[in-house]
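Trainee: So the chains spell out like this:
2 protein chains.
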Amino acid sequence: MPESFTPTERTRVVREPHRGAYDRETIYKILDEGIVCHVGFSTADQPFVIPTLYARVGDAIYFHGSAASRMLRGASTGIPVCITVTLTDGLVLARSVFNHSMNYRSVVALGKATLVEAPGEKVEALRAFTEKILPGRWEDARQPNEKELKATSILKLELTEVSAKIRSGPVQDDEEDYALPVWAGIVPLRLQADPPIRDERCDPAIPTPAYASNYKR
Amino acid sequence: MPESFTPTERTRVVREPHRGAYDRETIYKILDEGIVCHVGFSTADQPFVIPTLYARVGDAIYFHGSAASRMLRGASTGIPVCITVTLTDGLVLARSVFNHSMNYRSVVALGKATLVEAPGEKVEALRAFTEKILPGRWEDARQPNEKELKATSILKLELTEVSAKIRSGPVQDDEEDYALPVWAGIVPLRLQADPPIRDERCDPAIPTPAYASNYKR
Chain P
1 MPESFTPTER TRVVREPHRG AYDRETIYKI LDEGIVCHVG FSTADQPFVI
51 PTLYARVGDA IYFHGSAASR MLRGASTGIP VCITVTLTDG LVLARSVFNH
101 SMNYRSVVAL GKATLVEAPG EKVEALRAFT EKILPGRWED ARQPNEKELK
151 ATSILKLELT EVSAKIRSGP VQDDEEDYAL PVWAGIVPLR LQADPPIRDE
201 RCDPAIPTPA YASNYKR
Chain U
1001 MPESFTPTER TRVVREPHRG AYDRETIYKI LDEGIVCHVG FSTADQPFVI
1051 PTLYARVGDA IYFHGSAASR MLRGASTGIP VCITVTLTDG LVLARSVFNH
1101 SMNYRSVVAL GKATLVEAPG EKVEALRAFT EKILPGRWED ARQPNEKELK
1151 ATSILKLELT EVSAKIRSGP VQDDEEDYAL PVWAGIVPLR LQADPPIRDE
1201 RCDPAIPTPA YASNYKR
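Taken in sequence, the protein lines are chains P and U.
According to our numbering, the stretch in the first sequence is residues 1 to 217, in order.
According to our numbering, the stretch in the second sequence is residues 1001 to 1217, in order.
Read the hints as simulated data drawn from the structure, not as lab findings.
Keep in mind that the hints are not guaranteed to be accurate.
Said to hold, decoys possible - Derived lysine to aspartate or glutamate pairs resembling DMTMM-like cross-links, with alpha carbons at most 20 Å apart:
1. U:1147 <-> P:174
2. U:1156 <-> P:45
3. U:1150 <-> P:45
4. P:216 <-> P:161
5. P:147 <-> U:1016
6. U:1216 <-> U:1140
7. U:1150 <-> U:1121
8. P:147 <-> U:1140
Work the whole structure out from these sequences, hints included.
Mentor: Pasting the structure below:
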């Protein structure tokens, strides 16, 4: 596979093109850091955007498809979707309101999502959901049985038409504004995990696993 | 205005209906806490989902519309959009993989977005973007001039067809799984601000404002 995705008319970053990125490494790093994606799909007259869990496996994204899967039944060639993952890295406080911004990393992936039917592939997707967020959890927890697998809708999007958009670094003000007596800078933001809360019915003799007590994204 | 939105066929929470909420207070609280929304819109054959800043003002959402605004020119009655805001509150570690989940609060708002043309309304929307995230910043920073206002595309969505979906509280396992020797509980997640980074060209004599040094969502 090439090291970069070829931007199309639909994925090329037009506004602020210097923020666009198309290389696989940058895009996959963002996809692997995010926990929730936003899936867009449309009926005849209305787009819908639904948050859901996902994981990248190789050059595809698997995602939970309860909402979209209703539309998929009978659509054997898949339905057009847009999957967007956004990480918010900071508030950018410029001297002018106009130059206020955010530091962020986002990925937009376009294509046709298909329903995953093969039980083996479903298991691998569920394992990826779990292991991506909590490495080690899959082996610790009770794995899905046949009935549960049947009750789970998983969709797949092959990554072919993808781009990232990234804003990072310092404030960018208009040159004449730098003289203004206004505080300027970045407020960094990140997702923070607090100490885990043991379930009331969980035996206190069971030690808290490291992936829960020391959770980091 | 009524205290609750009337769920429609398009906004009623069908899967896990007990997680649905339609009252204005719950929905507006989520909208006011979020920083980034995901806007969905469609061309003939492809949905798009773009992250952008937004603010609720009364019973409407204003959002930055650079991407969607291209489609809007000439569409005087607006274009169908879906605006989704998602707050991730925690990882839910059940004893079975199947019952793993997230605690989250999300809002989905449907309708037709229109381009804001009146300069006064644009200023009010920009003020709301700023003040929502950083109360006090609007007065501290240089406010937009006429040229900057013209260069800013702002879209508006009236809140009429809206619902929230919320998962909170403890793990829910199947009764027979509670006996398993598996750690179960919640890993709480929240957006954390780290100490602000003063811009290199910012005069050290200018004190760091409280909204930056003590940022809380």
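Trainee: Against this structure, judge whether each hint is valid.
Mentor: Hint check results:
1. Between residue 1147 (chain U) and residue 174 (chain P), the direct Cα distance comes to roughly 13 Å. Compliance with the 20 Å bound is thereby established for this hinted pair.
2. Only pairs whose Cα atoms come within 20 Å are accepted, and residue 1156 (chain U) paired with residue 45 (chain P) is accepted, the gap being roughly 18 Å.
3. In summary, the hint linking residue 1150 (chain U) to residue 45 (chain P) is not supported, as the alpha carbons are separated by about 30 Å, beyond the 20 Å threshold.
4. As the CA atoms of residue 216 (chain P) and residue 161 (chain P) are separated by approximately 30 Å, the hinted pair breaks the 20 Å bound.
5. At roughly 18 Å between alpha-carbon atoms, residue 147 (chain P) and residue 1016 (chain U) fall within 20 Å of each other, so this suggested pair holds.
6. About 19 Å separates the Cα atoms of residue 1216 (chain U) and residue 1140 (chain U), which keeps this hinted pair within 20 Å; it holds.
7. Restraint check for residue 1150 (chain U) and residue 1121 (chain U): the C-alpha separation of about 12 Å stays at or below 20 Å, so the hint holds.
8. With a CA separation close to 59 Å, the supplied pair residue 147 (chain P) and residue 1140 (chain U) exceeds the 20 Å bound.
Of the hints listed earlier, those the structure fails to meet are numbers 3, 4 and 8, in rising order.
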